Each structure stands twice: as C-alpha cells, then as structure tokens.
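Q: These are the residues of each chain, in order.
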Amino acid sequence: MTRILIVLVWGLFVATDVSAGECETCHAEKTPGVTTVWQGSSHAEAGVGCEACHGSDHDLTQPRPIVDAAKCGTCHKQEYEEHHTSRHGMGLHSGWGCTRNMLNRDRSECIFCHDKESALPQSQVMCARFLKQSSAMGELGCNRCHEVENNCGSCHSSHSTDLSIVRSPKTCAKCHMGPDHPQWEMWETSQHGTLSMTRPDLAPDCLDCHMANGSHMVSFGITKTPAGKDLGEAVSATRRTEMLDLCSTCHARGFSERELNRADQIWQEQQALVNQAKEIVEDLYDRGILDPMPKDRPPHPLAGTQLVLDGQMLYEDISHIERLFFKMKKYDFAKAFKGAYHQNPAYTHWYGNAEVKMTLEDIKAEASRLKRAGKGSAAPVVETDRLQSAEEKLDYLKKRFLRGAISRDEYDRERRLLLDAMLPQR
Amino acid sequence: MTRILIVLVWGLFVATDVSAGECETCHAEKTPGVTTVWQGSSHAEAGVGCEACHGSDHDLTQPRPIVDAAKCGTCHKQEYEEHHTSRHGMGLHSGWGCTRNMLNRDRSECIFCHDKESALPQSQVMCARFLKQSSAMGELGCNRCHEVENNCGSCHSSHSTDLSIVRSPKTCAKCHMGPDHPQWEMWETSQHGTLSMTRPDLAPDCLDCHMANGSHMVSFGITKTPAGKDLGEAVSATRRTEMLDLCSTCHARGFSERELNRADQIWQEQQALVNQAKEIVEDLYDRGILDPMPKDRPPHPLAGTQLVLDGQMLYEDISHIERLFFKMKKYDFAKAFKGAYHQNPAYTHWYGNAEVKMTLEDIKAEASRLKRAGKGSAAPVVETDRLQSAEEKLDYLKKRFLRGAISRDEYDRERRLLLDAMLPQR
Amino acid sequence: MTRILIVLVWGLFVATDVSAGECETCHAEKTPGVTTVWQGSSHAEAGVGCEACHGSDHDLTQPRPIVDAAKCGTCHKQEYEEHHTSRHGMGLHSGWGCTRNMLNRDRSECIFCHDKESALPQSQVMCARFLKQSSAMGELGCNRCHEVENNCGSCHSSHSTDLSIVRSPKTCAKCHMGPDHPQWEMWETSQHGTLSMTRPDLAPDCLDCHMANGSHMVSFGITKTPAGKDLGEAVSATRRTEMLDLCSTCHARGFSERELNRADQIWQEQQALVNQAKEIVEDLYDRGILDPMPKDRPPHPLAGTQLVLDGQMLYEDISHIERLFFKMKKYDFAKAFKGAYHQNPAYTHWYGNAEVKMTLEDIKAEASRLKRAGKGSAAPVVETDRLQSAEEKLDYLKKRFLRGAISRDEYDRERRLLLDAMLPQR
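Chains as they are written, first to last, in numbering that gives the first Met the number 0: chain A, 0 to 425; chain B, 0 to 425; chain C, 0 to 425.
Hints may be right or wrong, so weigh each one.
For the chain C half of the interface with chain B, some residues (derived, Cβ under 8 Å), not all of them [as the list claims (entries may be wrong)]:
| no. | residue |
| --- | --- |
| 1 | C144 |
| 2 | D161 |
| 3 | I164 |
| 4 | D290 |
| 5 | M292 |
| 6 | M312 |
| 7 | E315 |
If you want the footprint, here are the derived chain B segments under chain C, 3+ residues with CB under 8 Å [said to hold, decoys possible]:
| no. | region |
| --- | --- |
| 8 | 137-149 |
| 9 | 192-202 |
| 10 | 340-348 |
| 11 | 358-364 |
Source of the hints: derived by calculation from the structure; they are not laboratory data. Quantities reported herein were computed from a predicted structural model and do not represent experimental measurements. Ideal placement from N, C-alpha and C gives every residue a C-beta, glycine not left out.
Isolated chain A (complex conformation):
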C-alpha cells in the first residue's frame, strides 16, 4: 500500500518520492480541507490513497498535480469509455480550446499546433475566440468548463466520492448556464424542472434524460451540435429513437414525438432567420461597407482578413453589425431551439424567438445606416446599383458566387450580361 514508485521525471523540478502514508501526514497539515474530504470518501475506504491518482512524486513548487481522466479510467473503465466518446470527451477539442492532453485526436489536426514534420508545438490551441484571450481569461474563462474532457473532477469535485454532488442539476449548471447555453435555467423553469424540484419522483432532472442509468454518454439522444448544426440524418434518427424510448417510460410515445417534432420545426425556422441575417452581413462585406472592413482591423487569428461568421466567429475586433449577428446566432438562436427541446416557453419564445427577431431588425437598421453612409460619405462607394465601373460589378458578382449566394448558372448569365455591356456600344 505504501510502496515507493520510481517514476520518469520529464522536466526540471523538485521531485520527491513519498509513500501514501507520508502524503497524508504532510497534507493533513498543509491542505487539511482536501485531506478530510478524501478521508470521508469511498476511495479512502477502499485503500485508494493519494499516490494512486497523483503518483508518489510531485513538484512541491506546483500547487496542483493534474489527474488525467485517463488515470481515473484505469479503474472506471466503462465510465471513461462512455465519457470520451461523448461530447464531454471533446470539451477542449470541440471548442478547439487548449488541446494539451487531448485524447482521440485526428492526425490531420496536428498542423494546428505543429509545423509540418515538427514535433515542437507552435501553438496549443485552435479556437479563434480562445486565441484572442489572455492566459488568465483562457484558464479561468474558457478552460474552467472545457477541461471537462480531461478532468473528471469538473463534475465529481476533486476528492469527494459523494454521488449526490454529481447527480445534482446544480453541478451541471456550473457550465451549462449563461447567455450561450442556459440549459440549467431553462430546465429549472420548465415543467420538468419545476415539478422535479417539488417531487423528484415525478419529473426528470439533467441526468434522468442525458445520463440515464449512470451512463457517461452525455450525447445520448441529442440530434444537434451545441452550436445548432444537424448531426446528419443517420445519427439524428438513431439519437431521436434513443430519446423517444426514454420519454416513453413516462409519456405516450406519440405525445413525445409531437413535442420533439415541434422543437425540430422551431430549430429550422430560427436557423432560417439566422441565415437571413448572415446574408445581410455578407452582402455589406461584398459591397465593402462594413465599418470597419476586416482589412482595416486586427487580423482574425485563423482567417486573417477574411470575414468569419461561422463557429470561429469573434466577438471582438469586428464591426457593430457582426457583433449583433454574434448575439443573434450564439445567444438568441441557442435559446430558441434549446428552449424548445427543453419545453420552456419563456426561453423558446421571449429569450429566443423574440430576441432573434428583434436583433434581425437591429441588423437591418444598421445595414440601412451603413448603406446610407456609403452613399453620403466621401469614401469610395461600392453599392450594387451605383457601382461605378464594370470591374467593380464583376468583382461583386464573383464574390457572391464564391460564397454561394448565387448559382454557377446565375453567375454565368449575369457575368455575360456585364461583359456584353462592356463592349463598345456601337
């Protein structure tokens, strides 16, 4: 139980090999809180001491030797397998957050961090929003949630094995809250949530639907990515069947099916509104009248001076209209469709649908202002109906074709008309 292990020392640090008993003696004094919690855990009861997870050597100048999820997985095999095939198992990966210690990584992604053929990391991350933050914000603002991939303690807490902690919806709330995905808030005020808080036997909480029977496959039954992209027909169909089977343990299947279909419809109609806004912004970009244009602001960490409105979109160093679009897509759209799947009318309608539609009005108003300013200002104006030269018109047409706003046929037809018009008139 107290065997001293010889370990490989990777860096230059003060390593001390201690026995488990020794850990406890010292930490009872240095970190009494942690020690007491561990003493009351089933780990302590089963003789799983400090060294089993942390190793028996550590750098005394470093405050917290990280325990990888993989380490937990040596004993908790099934949970670990389920976890790392689920969305939680790509917490860092999914947001292209800090990729250190990432599991299950696709080799083609290596170039995000390494020069070709080089083992030396150039960068540890590949999320544009993350790349714009200070290290303090990256750690405390981003990784504190995204580290779930590699840190079982994110949910289980660090040294307690009391399952009431990890089964509480409050534990999920730590990350699944806020403007971009208020799943906790929308459950709390849904029929399920309000009923569950009075009579837990009558209605489900987070785990009952998303981690049923203790499963760690949190992607169970979910047909969309966190950002609201469809997972494809095959995956979606399987996932929907999974969820309906679960719903049916309480509800008539037809009832559940109807409600989830309604949520699908809401997802689709809200997505269409987001796309409408996206086209407005793209059109202003094509016209060259975003204020400022990407070329006149700090470059996007990944896309340089390209306009970025997808999952890598920034909320800083952008124009006002893009910032409105960010809110619409990342906050309002998310509330509308996630609110619908969670059956929360206030999130679906007021925080979701109404905000999506009001922000669309804001975006239209700003587009109108920018066009007006383009007309009135001394700056070169590039508006469709006022394009000065045939070259400008051709360039505008090409941009629209390249981003898929018009088809190859439309492009060819329009281009021919423009070229014809360029011919000497007589």
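Fit chains B and C to the known structure of chain A by using the hints.
A: Coordinates of chains B and C only, in the frame set by chain A:
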C-alpha cells in the same frame, strides 16, 4: 362504473369505447409513468378513474385527449368559478391567444374569428404577435402558458393531486418569469422571498398573497393589468383594500399603505417615461422617416400599414426605434412597476428604472440619426422646420391632432396660421 | 422592566408613553404577525421587550419607528464596531445615498448637505444618480439596499433572531444581485456554490469567506472597491493575506494564490478596455460632437455641464455613447472581474469579458457614426484633422491636456507648433 357510452364522433378517427378498468390495464403498459402517478393520487383513492375526466372513448391516434377546465369544474365548482372570473380564466383571451375553448366570451368579439353571420371560424386567434408565429412556436412558445385558462393541469400537473406541487412558487415560475414579467425572479430575491425560503412561516410566497386560503381568484388585490394599465378607480380601490387587509395580517396597515403608494408613484412616473418615448416614435412616423415606414414592410396582421405601439405591437417587421420602444414598454417598464409592487430594489431600480431611462436615451439617439438621415439623403424630407410645401405642413398638423398630440384649439390656431400664410403675400 | 421613560421629543407629534406590556397587548391586535415573531425570538426570551429598541413612546401616526444600528450596538458592541468599519457601515455613505443618520462622517463632507456655517440641511444626499430619482424610487430603489449602514434588520429581518435567516446566501442575494453586482448569481453557479448547495460541509457560502466566524467586517479580504478601484498597495496586500489565510483552510496556498492572481490580471485587462472606451467618449466630447453635448441637456446634479464618466456618472440625460459606456463599466466590467474573484467562468467570460468587448465595438461604431454625422451635417464640425481655425485647434489641445490625455511636454510642443503656424507665413 364501467358502462360503455355511445358518443358522437366529430372527425374521422379510430374511436374505442373502453371501461375504466380497461384504461388502466392498457395504459399501465403504454404509459406506465402516468398510470403510476394517477394510482398514487387522491382521485384514484376516491374511485375517480380515467374515464371520469377523459371519457371512455378516445382517438388512439391522438396522444393527449385534452381535459377542459370545465370538466374539472363539474366536481371542483368553487375553484372553477374563481378561476374563470380571474385573470387566469382569460389566459387565452387576455393575450387574444388561441381562442378555442374560450369561456365567457363577449359576442362582439366573434368577428375576430368569424365572418359576419357565419358559424365557420376564419381564424382562431386575434393576437397580432401570435398571428406572426409558426404553429410550432404558437403552441410551444405562446399557448404553453396561455392555455392556463382552460387547462387546470398547467399548474396542478397532469395526474398528481399532490398539492405541494401547485403550492410551490416554482410552479408559478414556469410562466411568471422572463423578460416581460419576472415575478418569480423578483419574489425570489425580495425580502419576502429570501425570508420565505429560509423560514416559510415568517414570509409569504406567491399563494399567500395572490391565492390566499386556496382561492383561485388570482386577480385578488391587483390594481393593474399585466401590461400596466390601470383597472379604473372603482376596481382599483376595491382591490387595494383587499390587499391591504391581507398585508395587515403581518404588517401595520400604515406601513403597507405607504409601500403600495410608493409603488403606485413609481408606476406613474415610469408610465410617463414610456409615453415620452411613444411620442418620439409617433412624431417620426408623422414625419415619414421611420426606417422602414409601415407601408414599406409586411402589413401588421390586424392594423395593416398603421403604426401600432399599443398592446398589439409586434417585435418583428418593425423599425429599429420601434423595437427599442417594445423593449422599453414590455420589458423595462414591466420590471420597474412590478418590481416595486413586489418590493424588489434591484428589479425596480436596475432592471426597471435604469433600463427604462437608458432605452429612452437609445430612442432619442436613433430619432436624432433618423432626422439627420432625412436631411442628408436624397429621399423626400418631411421635417417640421423644413417642410417644403404648405400641403405637407397641413398634413403633419392633421396627423398630430388625430392622434391626440395637440388639442382641437391648438390645431385650429396652427391651421389658420398656415392657411393665412398660403394667401398671396400681396 | 416596564418602567416608563421620559424621552426628548424632537418634533411635533403624538407621543404616547407606554409600558412594554402595554406595547404587546395593543400590537398583538394591531400587528399580530410582528408580535408573534418577536414572541418566538431570543429577545423575548431574554426579556428584551419592544421599548428596549423602539423606546416606550412613539408617534402613532407614523408606521415604523426606525431602530438605528447604534441602538443594536448598545448590546451587540463587537458586531456593531465591525459592521460600521466595514463597507456595509458606509452603505449610504458609499453611494452618497440618503445620508440621514450617517455615522462616522468626515466633517469635510458637511458642505454636501449644509451651507457653510449653517446647521440647516440643504440636501440630504450627494449621489448624482440618487439625486435624479423621485422620492419613491429613492426609497424603494436605492435606500432599500443602501440603508444597510444603519439598519441591522436589512439582513437580520425585523423581529426574528433566527440566525439561519441571516446566514442564508439568499439573504445576501436581496442586494448583492442584478446587473451591477450579481455576486449571488455568480456564487450560485460557481464550483463553491454548486457544491455548497449539495454538501454545505464541503464548500463555502457567502459568510464562510466574507464574514468568517461571525465577523461583521464584510470588507475582509477584499482588495477592490465595489466599483473596481484598487484600494492601494498597503491595504490590498493586507487584505490579500487575510483571504489567502482563509483559503488555506481548504486549499493549498499556492493554488489559491495562483487563482487570485489570475483574477487580478483579469481585473487589470478589463480595466484597460474600459479606459479605452473612456478615451473614445472623451475625445468626442473634446471634438464637441456628442449627441447631445452636456451643455444641451439637463445639467448633471453635481457637475453641471461637465462630462461625467466616473462614479458619479448618470444613466439618464446623457448621450447614447455614454449610456453604452455606463453599461460597459458598471455592468460588464463588474461581472468580468467579480466573476473572476468568485471563480465563475460564465460570468467572467460570457457575461463579463465578451460583453465588455462587444460593447467596446458598439462604442466604436457609434463614435464612427458621430464623426460621420459631424462631417456631413450643416452643424459646425470640430474634428481634429478638419479644425477650421487655430483657435479651435488650441482649445482642443488644451482640453486634452487638462483631462490628462497628453503630457505637459506634449502639450507645450504641440502648442508651440500651432502658434508658430499662426505667424504670418512670410
């Protein structure tokens, strides 16, 4: 008890007449959750079986045979009477939501749904905001709350008779939350709420004030409509006395009176700020410089190309300044005055008053922009001090008179001056 | 116990001297709620009756004889001392709220309320935001929280002595919530909060860190003012040591130190973003193109037609860009740095950092619009590169120097260049 009833079949569906015992046998398998809940209810104990509420026939292809409030009312007479004379009893009606199954309807409202002299419904709804939504959003976003009129299960849950459910503030929270009426949030962080959650015997929750002694007359003691309109002197006086009598079971009457008077004053001053904003928007409309003007956007479902700033105001297909006004009136104003009546300083002041006043600044700024744009653009300008023709000036004057911005006397005087000026100058 | 005391009567009112027994007899009928609560209190048990706190005479026409904190302090000496040397002890003072009954006041502040050499108060308050409110809003919106300075009942409730009330985080939530300082919300969804709500023995709530061992020195361990100003090196160092000593009862000291240092770094970087926005607004003011300019709107209660962007900033009677700055500084910045100290990723990043940065984009966009309007309008334009006269250029330079945007050296150099250019060219 298990008599088979012959019923009228209105549509084309699979109707099956079953006995109560038969219901239970089949549903124990098909919808075990629901059946178990019912088995533990006082309904089951009293021998009130499935067929008593749902009837003994139903369309097996339809998931949920709706149980009307009126059906519950056959046994729960007093509760039903109280409910349907209260604001809850006009949940659909009040918002002109889906009016199917509406009780207590004024005959003059028939034309909302029927052509004259016709029994065929043309439309089921008469709420402009509802009419703009998809059926999925209408169901999940609107009716999920507004159905309270006709669905006792909205609060009581569907099959349990456990009164702890319906007495929990969480149950009220399902609907009474969010940007437009966060009564739950403002109670939760008020003196009453915070005290009640620690010592329920020392402070009231929702029901203690609004449904005292089990009454279902939720309009008890309330002097304003949900939208903040006064209910008139007579009703208000009665309601205030009701509430003060209740307050006095804990507080000195003079203390309660002073606090409610303060809330009245806050309601009045915030209403004045809303009116100030309204006049700014109306003035821009009169000048023809809203962007876009009602005539240049999809028609309002009820008012066509008229400007609508009242209870039927939309949050979509409007101009940016109207959307700001919507937020101010529907969200900020509501928080200020409802926060005051609920004695919540953060809602009254920060979420209410401060937002009302900041949004007023936003509205003024947008008005300034629109006037400036009107001046600078090539579009026809219709600004008071720059009105080109006497005809335009007369038209502007008339519009202001018609909407009550100026009195008959002012109109006559200004009009005479304008007409005089039109006379040949020499 | 029932001695009748002779007291000084300060005003003209109906004073009635009663014995404690008499109080109880009458109030059991008039205010039964309050009386019952008192009867169950340890005050009643110890024979501390109504008259001990309220006096044995009172104006029967006034509903609530206020009990000063000083009155409580006659028995609860240590608590009172701790309270009134802490930030709570300057609740009114700190916000320059209603200063009546203020303790510990600096004599130099007298001129806020009194003319020189005069004992007659001219004004009771010296908070610009407070001065703009109606008395109802001032009482219900401002003083309901700020009265904590002088009202122990703010937290303890009025007549109960049950300490479970005052120890509940819900009690703190009453004031420490909302857009400007959501400490309750950020604790509730932090690791500490979520853990504490399931296992109170494993994680701290408000009091465990901020009022440890029953101390009433709520400023314990805090290095910033509520508005985010540093308290100076000496105070900050002492406070940090205090807090780290406390953290160390659970955590390794190095771990806690690292986390608090990260929060410091986030505070610093967010402050820099706020300053960036401040300079944009100040520059527009110098150019004379705020819309409206301070001279064209109701005067600031303290600073008249000066631009005010500090702690005395208003949220009303300002321009749109100032209102954006108000939100950024008072709401977004506060969430970012307070979220960081409370270790809440969603508040630090999404509600804080992301909002700070998006509002900065909004501010830049509005600045761009105002500059464009300045160019295009008929109004006198005062833009740096287009300043018409040398006098205007000198004035702009002087304004920038006076508010510290440029150094004395820069000012002198630029001024000389301008003056040289004014000399006849040949």
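Q: Take the hints in turn and mark each one as holding or not.
A: Verification of the supplied hints:
| no. | hint | in the structure |
| --- | --- | --- |
| 1 | C144 | holds, 5 Å |
| 2 | D161 | holds, 6 Å |
| 3 | I164 | holds, 5 Å |
| 4 | D290 | holds, 6 Å |
| 5 | M292 | violated, 12 Å |
| 6 | M312 | violated, 12 Å |
| 7 | E315 | holds, 4 Å |
| 8 | 137-149 | violated (count 0) |
| 9 | 192-202 | holds (count 7) |
| 10 | 340-348 | holds (count 6) |
| 11 | 358-364 | holds (count 5) |
Hints 5, 6 and 8 from the earlier list are contradicted by this structure; the remaining hints agree with it.
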